[in-house]
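Top to bottom, those sequences are chains B and C. Using our numbering, read the first sequence as starting at 1 and increasing by one per residue. Using our numbering, read the second sequence as starting at 552 and increasing by one per residue.
One should not assume that every hint holds.
[Claimed, not checked] DSSO-like, lysine-lysine: derived pairs with alpha carbons at most 27 angstroms apart: (1) B:Lys200 <-> C:Lys593; (2) B:Lys40 <-> C:Lys593; (3) B:Lys48 <-> C:Lys674; (4) B:Lys549 <-> C:Lys653; (5) C:Lys593 <-> C:Lys800; (6) C:Lys1093 <-> B:Lys40; (7) C:Lys596 <-> B:Lys550; (8) C:Lys1093 <-> C:Lys749.
[Said to hold, decoys possible] Which residues of chain B face chain C? A partial, calculated answer using Cβ under 8 angstroms: (9) Leu71; (10) Gly114; (11) Gly124; (12) Arg126; (13) Gln127; (14) Asp134; (15) Thr138; (16) Gly341; (17) Gly477; (18) Arg478; (19) Phe481; (20) Val536; (21) Thr537; (22) Asn540; (23) Pro542; (24) Phe547.
[What the hints assert, rightly or not] For each label pair, taking beta carbons as the anchor points, the in silico distance ranges come out as: (25) B:Lys169 <-> C:Asp830: 49 to 57 angstroms; (26) B:Lys178 <-> C:Leu734: 23 to 31 angstroms; (27) C:Ser577 <-> B:Gln239: 56 to 64 angstroms; (28) B:Gln283 <-> C:Arg924: 34 to 42 angstroms; (29) C:Pro713 <-> B:Pro542: 19 to 27 angstroms.
The set of hints was computed from the structure by calculation and includes no laboratory data. It should be emphasised that the depicted structure is a prediction, and the values quoted were computed from it without experimental measurement. All C-beta atoms, glycine included, are put in the ideal place defined by N, C-alpha and C.
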Amino acid sequence: MKAWKLGLFLLVAMPLCGATSLQPDYMRAMQDEIKRSMAKLRRPGVEKPYFMAYKLEQITQEEAAASFGALYPAQARDSQLNAYVWVDIGSAQKDSMGFAHAAYYPPYAYRPRGAKNMPKSYNGVRQALWQLTDAAYTFAAETYQQKQAYERAKQTPQKDKLPDVLAAKQATYTEEIKPFAAYDWPYLQNWVKVQSALGKELPFVEQFLVQVSPVQKDTYYVNSRGGFYQKSVRGVQVQWQAQMRSKAGFKRKYNRRVWLADFTPQEAALAAETTQRFLTDLQAYYASVKGENYVGPVLLTPGAAGPFMQEELVKNFQNLKGLLFEGDEPDTTLGKFSVEGQRILAPGITVWDEPYVRARGTTPLGGFMPVDDEGVAAQPLKLVEKGRTVQLPRTTRPLADKKRSNGHACATALSMPRECLTNVRVEPENPLTWDTLVSRLLARCQELGLPYGYILHAWPGPDTDNQPVWERVYMDGRREFVHGLKIDGLTTRSLRDIIAAGDEPAVSHLDQPGETGLPAQNVSAPALLLEEMELVTLDNKPDQKPFVKKP
Amino acid sequence: MKTSLFSLLLCVAVPVLAQQNCSVQSERPLQLLTAELTRSIKTLKKQNPPIYYLAYTYNQDEQAGIDVQEQGVAYRGVRQNRTLQVQARAGSPRMDNTRTLKKDRTYYTLRAGEMPAIEGDGKAFTTAVWRQTQLAAEEAQQDFNRVRADAQTAANRADDSPDFVFPPKETFCREEAPLSFDLDAIEQLLLKASTLTKNKPFVLDSDFAFSYVSGSQYFADSVGTQLKMPTRRARLMYSVEGKTADGAKLVRSQTYDVLGPEELPSEEKLLADVAQSIDELQALTRAPEADPVTVPAILKNRAMAVFVHEALGHRVEGHRQKEDSFGKTFTNKVGQQVVAPILTIVDDATLSSFNNIPLRGFYYYDDEGVKARPVTLVKDGILQGFLMSASPIKGFPTSNGHGRGETGKRPVARMGNTRVIASQTVPYADLEEQLLTEIKKQGKPYGYIIEDLSGGFTLTETNYPQTFKLTPTLVYRIYPDGKKEIVRGADMVGTPLVSFNEIIAAADDYAVFNGSCGAESGWVPVSGIAPSVLLRKLEIEKTGKADSKPPLLPPPSQEEK
């Protein structure tokens, strides 16, 4: 808990240091416009604003990319300033948010009014916020009426009636926004050229792209209750993309991505090791054999365990407060773990969310969140202990137990502030070495009479671009890569199937819809051994060979 | 009234003689593209279905932009662009993958992608070309299979011309000095112009921008054509927008197409133009709304250029005479009078400028490798022919260099520089006098002068009425006593066969409208050149309005006052 106390101290002790900020005009413009709007925005016959929030995001990015030793056109520094505005009318008891008209897909209810590529000046920011605020106020007025009509039409027992908002103490956080770091551009270009040239050695690879992208995302937030923050996250994304044809004739795309705090020679050397590993893996994928249906234990590498935990655990800790929705379509993003004490995970694993952490080792964390998007200080949470939920992320919109916000409201470009996790850490009580985990996998296979077990190296993505990578491990230690398998029937039940975990966690960065820059959510997880997974074969046929031989 | 001074027109319109100043043999991109094309086509022709034609378009250029709003820079960037587009044709010229389907959706997309640099042995570049070719060939085969299935069950085509005619083999190489602008100075100029919108509460939005593209385009195909052509366009523009309480959106804007810093408007001129636009915007916010009416009207020169583009130009694009889904307004009217006899209309993409204004519709060769040439569409009111791509139609078996499309879109017949020439003209002041006479003669309470417009559209498919609509941004009512009154919310509508025959006189004030035109093959730069004309009658209808009011609070800058 030491770290948390330090984090809290920083939150309350740091004054707004506009003088050191690169763009003090942004905060001033936001504060001036929110003050004016709260005081004067009032349409006859319509409630005045009850709560307003502004968020500006300035994303600056460079990119060096090359394929087979030749550079792609240089993408020089590009800086984009985007704005988002939320306006709520009514009162804490009954407001305009949390209702989705039938025309809207529920998760995107009350999406903010946004503008992209705004002018970077006091006047420009104010002008944009003025127009966005007016549009958001109009939308709030319409939604307020619709929400009231909906509630009148539905019967809600008195005991279930909760106030829409429970007040929470506002916090502030300000850090100096430094200029985008000047990277050694020729060095970056030379590095991607050299690394991508290594792809020439593999004749079956049709494209081998290596990219280095330094990114900085500065966020400025102000709300009408006095909460504000100003923060900056930076990182360098290195990405490898290969398009190839396997020996069996299947077209395949494989991606790998790492985030680094910087791109010093030491970090470049680390990234170069990843190039070598990726190329070795491509050779193994090339020679992969077709898989068969399988029901049995599966060992997830840390790189696969992160997305698995995000899919089955993190998502179910988010968006806990249901929306009122007059349509028939369910809110598929609604989290299932909305009650404290619920048994959800195998015992022996503790899960934390640590929004105040900026980096884990050399990996920067985009989920750094000292103050949330309702202006509440973000508290660290022990989400799961001994298999049961302990603390839930909370916003000012109370769940059934009426507890107050703990600073875990995230507002994306697509939604109102809802419950979220940002820097999740999975910590086993009895971590095992990788070799021990593999032995445990094989031992379990033997008990079940299976000739082999599976290791999953990369989690299947939402599209076919991100191929799952399966490795079969035989009792005699022999290994082979396998293609054409997919996971069948995965549910939150799988979380209780974890029977062992590793001792070397890795951070997985997880893109959120509508987010840009360093992903605002990540999971640090060790390797996980699952008691059972069901794998089924994909009934696909090899692709035709290229008409003309590769040059 | 006087006859048109053709000699004068020739003086100010500059046709470009296609002079070569480099050699295709020494151009590395063409060497690599041609080598890969030659290597591929032999094998591709043997596939089932065969890939019988292959073409590469490679663009290598620099694109820069500055965008200023509210005295702040929203965007400034320079990016290098290298893209390859592959056109693969599967089947045979008689029937190939590009045929428009009758029973399914037709896709106009082409395989296009970013390219690595040509370095060392060029292997990385060549490998990327090979990969794009493979993907394009696979897509062409899949599309051809859809075409074959469609042909078996769809209704007969009225025009059963082949899908393709091989373009002639061409060789052309021309390069020009890259465009060079002082972006810092331009940014300062835009920022200064932007300050004019301060303390103008009726200006709800404003935008001041500059952009240029400068580089080369390379083309190689399996016929043996090899081309290198310069790509050069630069534009400074601004717009100021407002809104009335009843939701009508108001816009005043101006564009300056240039090819060098010396052609940019001076600070004095730009600031004066912006100030005038702001004054016009303010006048529009107070202006009465137009009523639907049919009255005599003058279409000012730039508005006339857009009118011709929309009402006639799109309807004489070759493929619209072939596909049965189109209205074919002019298909069977070659040799017949279709517009007023005083008008001749030529589409001439070889014109590089007019009155020292660069024409955006200028090009040396079209996007199918066919040489640009002037095409007389209408002579003295009589329809002569159509704009042709490499897709033949009845009576027009070859391309006339109008196959155009943006990168990633399959070329179809499109306009370039559409030029209207009047055989009889008068000074503009006389045209206004004629308008007053016409108003009185018809007993109308007023007429209209369409001073400026932002663009328009036309409906050419049979599912829709064969109409066009133009969206004027500055319109005056003119009363029989000569008094003028600015009005807002007037859209021009009509049908092509009627509207063109209402033109009864033309002025000698030729002017250019430079714009971008969007259609099946994407956005292409185009120009129109026309004089002001008098129409016996023009139909005006109300402009659509937004459903929301202007912002409740005044702009922040105004609040501080």
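Can you give the numbers of the hints that this structure goes against, from lowest to highest? 2, 3, 4, 5, 6, 8, 10, 16, 17, 18, 19, 20, 21, 22, 23, 27, 28 and 29
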